[in-house]
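J.: These protein sequences, in sequence, are chains A, B and C. Position one of the first sequence corresponds to residue 1 (this note's numbering), numbered consecutively onward. Position one of the second sequence corresponds to residue 207 (this note's numbering), numbered consecutively onward. Position one of the third sequence corresponds to residue 591 (this note's numbering), numbered consecutively onward.
In case anyone wonders, no lab produced these hints; they're calculated from the structure. Incorrect hints may appear among the rest.
Claimed, not checked - If you want a taste of the chain B side facing chain A, the calculated C-beta under 7 Å gives, among others: (1) Gly220; (2) Leu221; (3) Leu225; (4) Asn331; (5) Ala332; (6) Tyr336; (7) Ala339; (8) Ser342; (9) Ile349; (10) Trp353; (11) Val372; (12) Ile500.
What the hints assert, rightly or not - Facing chain B, according to a computed beta carbon distance under 10 Å, are these residues of chain A, among others: (13) Asn26; (14) Phe71; (15) Ile101; (16) Gln175.
As the list claims (entries may be wrong) - Pairs of lysine-lysine residues, derived as DSS-like cross-links and limited to a Cα-Cα distance of at most 25 Å, are as follows: (17) Lys176/A x Lys535/B; (18) Lys691/C x Lys535/B; (19) Lys173/A x Lys691/C; (20) Lys173/A x Lys251/B; (21) Lys747/C x Lys691/C; (22) Lys284/B x Lys251/B.
On a predicted model such as this, the values are computed, not experimentally measured, just so you know. Just so it is clear, CB atoms sit at the ideal spot from N, CA and C, and this is done for glycine as well.
Listed below are the residues making up each chain.
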Amino acid sequence: MSQLVIFFVFAAIMVFAGVMVITVRNAVHSALFLVLAFFSSAAIWLLMEAEFLAIVLVLVYVGAVMVLFLFVVMMLDVNTARLKEGFIRYLPVGLLVAVLIAFQLIMVVGGERFGLEDYPKPVPKAADYSNTEALGAVLYTEYLFAFEVAAVILLVAIVAAISLTMRRRNTVKTQKPEMQVAVRREDRIRIVSMASEPRNGREDGS
Amino acid sequence: MEFFTDMWMALPEGLRAVLAASTKIMMVVGPLMLAVAYVTLAERKIIGRIQVRIGPNRVGFFGHSLWGLGQPIADAVKLLFKEIVLPSGANRVLFLIAPMLSLGPALAAWAVLPLNAEFVIADINAGLLYILAMTSIGVYGVIVAGWASNSKYAFLGAMRSAAQIVSYEIAMGFALVVVLMAAGSLNIRDIVLAQEGGVLGWFWAPLLPMFLVYFISGVAETNRAPFDVAEGESEIVAGFHVDYSGMAFAVFFLAEYANMILIAALAAILFLGGWLSPFEGTALASLPLLGNGIHWLLLKIALFVFLYLWFRATFPRYRYDQIMRLGWKVFIPVTLVWLVVVGVAVMYPPLWDWLTGFGLLAVALTLLLVVFRGAVKPSGVIMP
Amino acid sequence: MTDFVAITPELFLLTMACVVLIVDAFLPEAYRAVTYQLALMTLVITGGLTVALYPAEPQVVFHGAAVVDGMGSVLKAFIAGIAFFAFTYSKDYLRERNVFKGEYYVLGLFAVLGMMIMVSAHSLLTIYLGLELLSLCLYAMVAMHRDSADASEAAMKYFVLGALASGMLLYGISMIYGGTGTVDLGEIAAVVASGDIVDDTVLVFGLVFLVVGLAFKLGAVPFHMWLPDVYHGAPTAVTLFIGSAPKMAAFAMVMRVLVDGLEGLQADWQAMLVILSILSMAVGNVIAIAQTNLKRMFAYSTIAHVGFLILGVLSGTEAGYAASMFYAIVYAIMSLGGFGMIVLLSRGGFEADRLEDFKGLNERSPWFAFIMMVFLFSMAGVPPFVGFWAKWSVLREVVAADMVWLAVVAVVFSIIGAFYYLRVVKLMYFDKPEDASPITAGGDLQAAVSINGLAVLGLGLFPGALLTLCVAALAAS
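Chain A extracted, bound-state conformation:
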C-alpha cells in the first residue's frame, strides 16, 4: 500500500517534470527539470528493487551527464523564442499525428499481446539479495562480448570527440610543469664574487 503511494507520488513528479522539460521557455530550467525527472525515475527503480540501476542513474546521468549538459546550455545563448516560432501553427498537425500514433500503438501492442497472464508476478527478493552482485555475475559471463564491444564504442567516442575538436595551436605558449619542477637553484642563480664598486653617484653629485 505505502509502496503504491510512493510509486504514484514519484510517477506524478516524473510526468510533471517530463512535461516541463519540453514546455518551459528557459533552457536551463528545462535541463534542471530533466534532472528532476531522472531523480524520480531512479526512485521508481528503487521500488522495483533495481537499486544498482537506480543509483547508477543518479551517479551517471544526474551527477555527470547533466552537469556537463548544464555547462553547455548555460554558456550558449539559446533563443528559445525563435526556436518556438511556428509552434502554434504546427501544433494541430503534431497533436493529430501523436494521438494517432498513440492510438495505433495501443491497438497493436497492448499488454495482452505479450501474454502477460503467462508471467507470474515477480516475488520480492530477500533483504540480503545484492542486485549489484547479480548484475556483475551475468555482465562478465553471459554478456561479456556485448560488454566489451560497448567498451570499444566508448573508446571510439573518445577518439572521435578528441580528433574532431582538438586543435593544436602553435602560437600559444604553454608551461612545461615537469621542467619547472626539475629546476635547481644553480640554473637560476649564479653567485659571483667581485670587488666592491666605488660609490660613484654619491661622490660626484651630492
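Knowing the structure of chain A, use the given hints to seat chains B and C on it.
T.: Only chains B and C this time, still in chain A's reference frame:
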C-alpha cells in the same frame, strides 16, 4: 517505562518506522551541525596559532570569555538576522534553491555511514555507490547558484568549481572502486569489517597511493585551499556565492564544512578502519577506551579535519590549469595503474602483504627524508 | 578458451587498433606514414587470420553473442580486403587536404571491427552494438575534414538520421524481445518456429521497425534521404570507405536478422522488401540521370543497387541469399573502384567530382579511361563484366521464386539506369577535355586502381569461382 513501550507499540507500524528513522536522522544531523559550527571556530583558532595569532577569544557565555567558544553561535545569530539580498535580474527560485541543493547531498550521504558496529541509519548493500551518487550531485548547488545570481563573477566561479569538482570526482571514484575491490563489498559496514586486524589491517598501507589521491581529491572536491580557485579572492571575489548574503550565505558555508567533515569521515572509514581500534588484536584492546568504538572514528575524523586546516594555512593556492593538470594527468593515471595492481593482488593474496610493506616503507622513507633534511639545513633558501 | 580462438581476427584487430592509436599519438608528424603502414598490415593479417580460421561448421560463441560461420568469414575477409584498398586510395587525397591524421586510420580500423562484429552477430544486442561502433566511426570520419562546410553538414545529417534509424532498430528489437523473451537469434528462430506464439502481432510490429532500421542503414527508398548528401559532402576518401565495405556488413545484418532470426515471418518481410526494392530501383535510377555531380550520381546508383541487392534476399531461398551475397561483394568492389577513380583524378584542392572533369579522359590517359569504363559498364550490368553476373544471378533467383513480374520491373529500371553510366563513357571518349593536365597521382594509387579494375574485369570473365564460394559459404552457415 512499560507505559511508554505500550504507547509505542500502539502506534501504526508505518508511523513507528518513520519515527524511528527520524530519530536516528536527528541523532546524526544534530551533532553534525554542531560540529560544523565548531569546525569554523577550530579553523580560526588553529590557523591563528599557525600564523602566531590568537584567533577569536572574546565571545563566550554568561560573561566568561571561555576561549571564544561562543563565537560560532554569535556568527550564526548575526547571519540569521541579516537581510537576504536578491540581486536584480537574479532567478528568484533557483537563487534560493541553490544553497539547499548544496547542503542536502552533504547531509544525505551520512545516511549510509556506520558510526560504530551497530549504528547506521540505513544499512544498504550499495552504500558506496550511494555515497558516490550523493557527492556527485552536490555540484548542482554550485552551478545553479552561479547561474541564478546573474553575475559574471558568480558565473565564472561556478564554472571553475564545477569543472574542478567533476574532474576530481573521476579520480575519487576510481579510488573508491579500488577500496571496494579490496573489501569485496559495496556495503560500508563490510568495508570497515574487512579492515579488521589493527593498524596494519587498515587499507591505508596497501592502498597508500589511493589514500593520498582520495584525500587530495577530497580537498579539491570541497573547493578548499589550496584548490579554492572557485572563490579565489584576488581573481573573482568570492566565486559562486559572491551575491549571497545572510542565511543563504550561511547555508553555503554550512555545506562547505559539512562536506569537509563528510570527506574526512569517508577517509577515516574507508582507509583508517572507521570505528576500529588501532590496537585491535593486541592485549591493549581490552583496556577501557582502547577497544573498538565510535570515539576512534571521531578521533580519525578530527585528524583529517585538522589536515584540511593545516593545508589551508600552509600551501599557496594552485593556479587553475595546474589543478586541472593534477587531476587529469596525474591522479587519474595513478588510480588506473593502482586499480590493476590491486586487481592482481585480490586474485593473488600474497601480493597483498607486499603492498602493505610497500606502503609502510614509503611512509617511513618520507618521514626519514623530512626529519633528515630538516636536521641538516633548510634547503632552497638563500641565506643573506 | 575456444571462444576466444574463434574470434582471433577480431581480437587481433582490436589490439592493433589500440596499438596504432598509441603509436600515432607518440609519433612526430613526419612519420605519420608509419601509422598508415601499420593499419594496412593489420588489415592484411586480420584478413589472413579470418581465412585461416574458416570454420567447417557454424560455431556459436560467447553464450550466443556471436557466430563464426562460412558467410561471416567470407564477408569478413572481403571487408578487410576492401578496407585495405580504401586506405590505399585515401592516403594521397588526405595528405593533400591536410587531414592525413592517424585518427582516420584508427577510426577506419574500428569501423572494420564494427563491421566484423555485425557480420558475425548472433544476437540482436551484438548487431546493435556492432552497428553503433561502425556508425560512430563513420560519423567522425565524415566530419574529419573540419574546414569543409559540406563535410560538416553531411556529418550532421548522417549523425541525426543515423541516430533516428538506430532508434527505430532498437524499438524493433525491444518488440521482438518482448514477444519472444530473448535477443539470441537462434532462440528467436526457435520460438518463432515452435508455434507457441498464438498472436504474432507484436513480432510483426517489431519486424516493421527492424526493417525500417535496416532499410535506413542500407539506404533503401523511402529511407534514403541521407545517402546522397552524405556521399556528396564527405571527403571522397571517406565516401569510398562508406560506400564499399559497410554495404557488405549491412547485407550481413539483413541476413542475420531476417533470415537467421525471423525466417518464420518470411511472408511478412518479403512483402515489405518487395516495396523497398521496387522503390529503390525506381528512385535511384531515375534521379541519378539528373545528377551532374559524379559523387551524387554514384550515391543514387547505390540506392538502385541496394534495390537489386534486396531482390535476392526477398526470394527467400538459399540460392537467392547466395546471389545477394555475391551482389554485395561485387557491388562493394565496383563502388570502391568508381570512387577510387575520382580520388585518382583529384589533385590538391581540386575535386574531380563533376561530370565535366571526366570529359576526354581518354586523351589524358587511355588506360584509366579504360578502367573507368570497366567500372561503369559493370555497374550498368553490361556483359561480360561482373556487374552483369551479379544482376543476372539475382534475377534468376527472383524468377525461380515465381516473381517474374518483379524481375521484369528490375530489368526495365536497370535499362533506364544504363543511360547515365553510358553518358559518362561518352564524355570520356567522345568529348574534348576541359582540363588537359596529366594524371599526377602516386604510383601506389595508380597500381591499386588498376588492380581493382582488372579484378572487376577478371571476375566478369570468370564469375564462377566467387559465386561458388558464396554458395558454399552460405551452405556452411
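J.: Now tell me if each hint is right for this structure.
T.: Hint by hint, here is what the structure shows:
Here the hint on glycine 220/B is kept, as its CB sits about 6 Å from the closest CB of chain A, short of 7 Å. Checking leucine 221/B against chain A: minimum C-beta separation of about 11 Å lies over 7 Å; hint violated. With a cut of 7 Å, the hint placing leucine 225/B at the interface with chain A is violated, because the nearest CB-to-CB distance is about 15 Å. Checking asparagine 331/B against chain A by beta carbon gives a least distance of about 5 Å; that is within 7 Å, so the hint holds.
Interface hint at alanine 332/B: satisfied, since its Cβ lies 5 Å from the closest Cβ of chain A, which is below the 7 Å cut-off. Contact between tyrosine 336/B and chain A, as hinted, is supported at the beta carbon level, the nearest pair being about 6 Å apart and thus within 7 Å. Checking alanine 339/B against chain A by beta carbon gives a least distance of about 4 Å; that is within 7 Å, so the hint holds. With 7 Å as the threshold, the beta carbon of serine 342/B comes within range of chain A, its nearest partner Cβ sitting at about 3 Å, so the hint holds.
Hint on isoleucine 349/B holds. Least Cβ distance to chain A is approximately 6 Å, under the 7 Å limit. Interface hint at tryptophan 353/B: satisfied, since its Cβ lies 5 Å from the closest Cβ of chain A, which is below the 7 Å cut-off. Annotation: interface hint on valine 372/B holds; nearest CB of chain A at approximately 6 Å, less than 7 Å. Hint on isoleucine 500/B is violated. Least Cβ distance to chain A is approximately 25 Å, over the 7 Å limit.
Proximity of asparagine 26/A to chain B holds as hinted, the smallest CB-CB distance being about 8 Å (cut-off 10 Å). Among the interface hints, the one on phenylalanine 71/A holds; its C-beta lies about 7 Å from the nearest C-beta in chain B, closer than the 10 Å criterion. Among the interface hints, the one on isoleucine 101/A is violated; its C-beta lies about 35 Å from the nearest C-beta in chain B, farther than the 10 Å criterion. Because the smallest distance between the Cβ of glutamine 175/A and any Cβ of chain B comes to about 8 Å, under 10 Å, the interface hint for this residue holds.
Of the supplied pair hints, the one linking lysine 176/A and lysine 535/B holds, its CA atoms being roughly 13 Å apart against a limit of 25 Å. Note on lysine 691/C and lysine 535/B: the hinted pairing holds, with a Cα-Cα distance of about 24 Å set against a maximum of 25 Å. Restraint check for lysine 173/A and lysine 691/C: satisfied, since their Cα atoms lie roughly 24 Å apart, inside the 25 Å limit. At most 25 Å may separate the alpha-carbon atoms for a hinted pair to count; lysine 173/A and lysine 251/B exceed this at roughly 43 Å.
About 23 Å separates the Cα atoms of lysine 747/C and lysine 691/C, which keeps this hinted pair within 25 Å; it holds. A distance of roughly 20 Å separates the Cα atoms of lysine 284/B and lysine 251/B; the hinted pair therefore holds under the 25 Å criterion.
Of the hints listed earlier, those the structure fails to meet are numbers 2, 3, 12, 15, 20, in rising order.
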